[in-house]
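There are 2 protein chains.
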Amino acid sequence: MLSRTDILTVEDGEPVAVDNPDGAGRFLFICEHASRLMPRNAGNLGLGPEALASHIAWDPGALAVASQLSSEFDSVLISQRFSRLIYDCNRPPESPSAMPEASEIYEIPGNKNLAPAERYARTAALYIPFHDRIAQEVAARKARRQDTIVVTVHSFTPVYLGKQRDVEVGILHDEDSRFADALLDVGKGGQYRLERNDPYGPDDGVTHSLRLHALPNGLMNVMIEVRNDLLADEAGQGQVSAYLTSLFCDGLSRLGAAS
Amino acid sequence: MLSRTDILTVEDGEPVAVDNPDGAGRFLFICEHASRLMPRNAGNLGLGPEALASHIAWDPGALAVASQLSSEFDSVLISQRFSRLIYDCNRPPESPSAMPEASEIYEIPGNKNLAPAERYARTAALYIPFHDRIAQEVAARKARRQDTIVVTVHSFTPVYLGKQRDVEVGILHDEDSRFADALLDVGKGGQYRLERNDPYGPDDGVTHSLRLHALPNGLMNVMIEVRNDLLADEAGQGQVSAYLTSLFCDGLSRLGAAS
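Residue numbers (this note's numbering), protein chains in the order written: chain A, 1 to 259; chain B, 1 to 259.
The set of hints was computed from the structure by calculation and includes no laboratory data. Careful: at least some of the hints might be erroneous.
What the hints assert, rightly or not - Simulated crosslink set (DMTMM-like; lysine to aspartate or glutamate; CA at most 25 Å straight-line):
hint	chain 1	residue 1	chain 2	residue 2
1	B	LYS112	B	GLU94
2	A	LYS142	B	GLU118
3	B	LYS112	A	ASP132
4	B	LYS142	B	GLU94
5	A	LYS112	B	ASP203
6	B	LYS112	A	ASP174
Claimed, not checked - Over the 12 Å line for every Cβ pair with chain A, so calculated as not near, a few chain B residues:
hint	residue
7	GLY25
8	ARG36
9	LEU45
10	ALA53
11	GLN68
12	PRO96
13	ARG145
14	GLN164
15	ARG165
16	GLY190
17	ARG196
18	ASN197
19	ASP198
20	GLY238
21	SER253
Every residue gets a Cβ at the ideal spot worked out from N, C-alpha and C, and that includes glycine.
Extracted from the complex, chain A is given alone in its bound form (with noise of 0.2 Å):
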């Protein structure tokens, strides 16, 4: 492993895909771990099926309800198409959970004691290309002084590390929270079980992208969090998504209202 085209390969295609590039919808939907495909090359990194399939590799269902979103809202959908196993592109290069040796009750032998090499070419390989693409992304929308809000699209697992998780939908903000507050307040007592940065929360490294691209440009954003269980089937998805997008509208007006 030298370069980034020894990550991926012309094989294995760009690695960023845009849905609904023309959306002329007000929000921006990012889905990070949208996909458990490895690059070619990349092989297991010593994992076995179980956990290559599972939300170590991605979120699972993420990508599901991010693309109903697109849909719903006509919006642009930015997602990364490899594993986060590779590079988990909602972290930095410096933090050592971008390429992680371990991820919940798993050891990730293929990302032990990494050599420069192979760091540097995995982030010139997913992660820069990807937030070149929001960044390009948002540059237009401000250009064209469109209102834009980010919204970034994960799941959880249900149990970590032994725990049962009760909430349902995770609403995560980092230093700037309005949309955040409004879908909290218009939320409460609904279908899901609603809280505020839960199960994570900006402490745990999980808002850089809305750091990256929503902050320093002044654009309301939120993380959203969806327990994985409730995405299991196209049902739950088409559940959580209809939901999502009554959530969003009552959250527009609340803003709308207040503003």
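Starting from the known structure of chain A, fit chain B onto it as the hints suggest.
The following block gives chain B in isolation, referenced to the frame of chain A:
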């Protein structure tokens, strides 16, 4: 600051310069700290003119020496066109010294508490294209089955934190010391005072480029550090370049004899 194009605008030009791109020689010269040029949008990072001209911004004289070596050996030279104050291309993105908050006696106000978006943009604008270009060159030479010795060319300040340095030419290496050993062997008792891994060594993180490009490819390599008072004018630069040319020739002969 948001994306790589906010760091380097069209007016700034490309981050990477390539001299003698069709050079058929055995060496691949690299100069990470060639220039003290600041991108137009970068301002002065809160530094005065003295600091901006000093060794914290660049390696004075290093590019002149590297250029002459590139000519002498008809070999490619890849150099970074912008100051290491913005991004030190001999450091990985995970290193705090990639965008240092202080260097020797200077605080660098414009590098304090950098936002993730700024760190990202600098990495994308300066580090990635630089090392991509080198990786491309290494891959092309490998495909042509062309022998390559990677040589990074640096200079160091004669007085560091008030302490005088006696070494004149440092011969630095990481795990692969084949070429460094040959140079130290043939250079004993010569015109300049040579030392091994002095004033820096691999534990100072200075062999990043070697570790990215030479070690994983099994290429012989060395990092040259010249005390910059010897490079204060063209005459000095010419003398050092002539000395290194002869040293490298003798080193190549020694390697030939040993193999």
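These are the hints, each one checked on the structure:
1. B:LYS112 / B:GLU94: holds (16 Å)
2. A:LYS142 / B:GLU118: Holds, at roughly 18 Å.
3. B:LYS112 / A:ASP132: holds (23 Å)
4. B:LYS142 / B:GLU94: violated (28 Å)
5. A:LYS112 / B:ASP203: Between A:LYS112 and B:ASP203 the Cα gap is close to 20 Å, so the pair holds against 25 Å.
6. B:LYS112 / A:ASP174: holds (20 Å)
7. GLY25: Consistent with the label, B:GLY25 stays out of reach of chain A, its closest Cβ about 21 Å off (over 12 Å).
8. ARG36: Correct as stated: the minimum Cβ-Cβ distance to chain A is 25 Å, above 12 Å.
9. LEU45: Nearest chain A Cβ is 18 Å from B:LEU45, so the label holds.
10. ALA53: Its Cβ never comes within 12 Å of chain A, the nearest being 29 Å, so this holds.
11. GLN68: holds (29 Å)
12. PRO96: violated (8 Å)
13. ARG145: It holds; B:ARG145 is separated from chain A by about 16 Å at its closest Cβ, greater than 12 Å.
14. GLN164: Answer for B:GLN164: holds, closest chain A Cβ roughly 33 Å.
15. ARG165: Since the minimum Cβ distance to chain A is about 27 Å, B:ARG165 lies beyond 12 Å and the statement holds.
16. GLY190: holds (33 Å)
17. ARG196: holds (22 Å)
18. ASN197: holds (18 Å)
19. ASP198: Per Cβ check, B:ASP198 is outside 12 Å of chain A; nearest 23 Å; holds.
20. GLY238: holds (34 Å)
21. SER253: holds (30 Å)
Of the numbered hints stated above, those contradicted by the structure are hints 4 and 12, listed in ascending order.
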